[in-house]
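Chains A and B, in that order, are what the protein sequence lines are.
Our numbering numbers the first residue of the first sequence as 1 and each following residue consecutively.
Our numbering numbers the first residue of the second sequence as 1 and each following residue consecutively.
Incorrect hints may appear among the rest.
Unchecked claim - Using 16 Å as the maximum straight-line C-alpha spacing, the simulated EDC-like pairs for lysine to aspartate or glutamate come out as follows: (1) B:Lys57 to A:Glu17; (2) B:Lys66 to A:Asp19; (3) B:Lys57 to A:Asp20; (4) B:Lys171 to A:Asp26; (5) A:Lys49 to A:Glu3; (6) A:Lys44 to A:Asp54; (7) B:Lys59 to A:Asp20; (8) B:Lys82 to A:Asp54; (9) A:Lys49 to A:Glu91; (10) B:Lys82 to A:Glu17; (11) B:Lys54 to A:Asp19; (12) B:Lys54 to B:Glu21.
If you're looking for bench data, these hints aren't it; they were derived computationally from the structure.
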Amino acid sequence: MAEKNIVANPMIVFREEYDDWAILFDPDSNETYGLNPTSAFVWKMLDGKNAKKDILNALKEACEDGVPEDAPKHLDDFLTDLEKHGLSGYEK
Amino acid sequence: MTSEKIGALVCDILSFKADNESFLPELRTFTEADWNTLLAFSYRHKLTPLLYSKLLKYKNEPSVLKSRIDSLQGEYMGFAAKYTMLRHEIRSLLKILNGNKIGVILLKGAYIAEKFYENPALRPMCDIDILIRKKDIDRCLNILTENGYKIKNIEEAAGQRQLHCPGVLTKSGILIEPHWDISPSLIFSWKSPTNTSQLWENAIKEELFGMEITALPLESLIVHLCTKIFADNFGGQLLQLYDVALILQKSNVNWELLFSTASTDWDSAKEVYCVLHLAKALFHANVPDSVLAGFKPDGFGYAQADFMRKQLFGIQTLPGNEQSCAMQRICGQSFSRYVLKILNWENISLFGEGKGITIQKLKLVFERIKYLAKQYKKVFSFKMFSRNRDTVDFYRWLKK
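Let the hints inform the model, and build the full structure from the sequences given.
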């Protein structure tokens, strides 16, 4: 079965800050989350058009010194975390 | 490092003067203790986000600067998160009140941050102040309650209604403070009250928060902010002074209108002058010298400027009571008029029990201090005399 693309929850407020950091705000739970530049970069790719491998490839291209070996696991963990907090879902 | 030096340095960092890097050499020589003092000072005055934004471009400088700027980032992200939440609450509140045809004017930080700050997250705020008409208070509170808001300390609400509306809590715990009167006369008893109806008549409509909102016209906004700085006795008010300086930078102020508004509508021309003077002196705010010369009140001089600066920097901080009591002495109000309360009649015997004439006398008592403190919040204090000459002199000059 083809892997579904991940979509950011459209109700979540995404606010970019200095140095490519960002804030996520969930109006339903009133929780806020800080995103470092890498997470913010990933978040911006959660438009339903990108699979995990697309995101990983984009990260590799964007990072000057490449990505660490366990980058796929980091990405998995981050995306799982987003889903757990209701900040993302899967496209239909 | 003294409060005075730190205060001057922080103001220098945040000032609006062109090509401003004069503070760098000093920052480069900072010790750990100096940085701690700087950060504590900026935290006390809620200037940490602003400081972070100004120092960010120096983060690649060698020595202690980078690590300190990195630590400021953590603080800033906290403020940014808070702002994101507050903005959401402000939009929700405005939608509810506008949808129910309740006139609302955003006051203070809630308005200033969005309107004047390029990055509103740089302007910390912890609550949302709004102005509503007195006749709309009950309906406003009912509507907010129906929408899940909670009236704060509802048991106190009845007592507080005489002075101001009780606070309202959003579901996320953000405090909304509805005001119906923002006159300086609430604080300084010798002042004439502001015509609140006229405030509403002169209010302007503009687009903010992605919707049409009602706001104070520019000159009234500036006057209101200046009087608030005074009402809080300058202590910890550097952020509020920066607000005024920023507004002056970003706006085309009609100075004649500003001072006539301050004088006629708010009875606060001196306060406005004092704040403008400070804003220019400390932040190089855009106030022409001709304006400061032309509108200078009688008797304004070094003593007044020095007093305000020391208050701002915390060099000469007095407890609120001492400030109030200095004002009270100058007010010349008769204390007994407010204190004496006739309770009831009591029988007294003039020449001793059973020997003389028993007469009835009105029993006069002094009301409890706590009760009076609630009724006359900042106007009266119950320490009768201030020991601080500078404070008395300053407020005596202000009242003239």
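Consistency of the hints with the structure:
1. B:Lys57 to A:Glu17: holds (14 Å)
2. B:Lys66 to A:Asp19: Distance of about 14 Å is within 16 Å: holds.
3. B:Lys57 to A:Asp20: holds (14 Å)
4. B:Lys171 to A:Asp26: Answer holds: lysine 171 of chain B to aspartate 26 of chain A is near 13 Å, not above 16 Å.
5. A:Lys49 to A:Glu3: holds (12 Å)
6. A:Lys44 to A:Asp54: Answer holds: lysine 44 of chain A to aspartate 54 of chain A is near 12 Å, not above 16 Å.
7. B:Lys59 to A:Asp20: Cα-Cα ~15 Å, so holds.
8. B:Lys82 to A:Asp54: Violated. Lysine 82 of chain B to aspartate 54 of chain A sits at ~33 Å, over the 16 Å cutoff.
9. A:Lys49 to A:Glu91: holds (9 Å)
10. B:Lys82 to A:Glu17: holds (13 Å)
11. B:Lys54 to A:Asp19: holds (13 Å)
12. B:Lys54 to B:Glu21: holds (10 Å)
When held up to the earlier numbered hints, the structure conflicts with hint 8 and nothing else.
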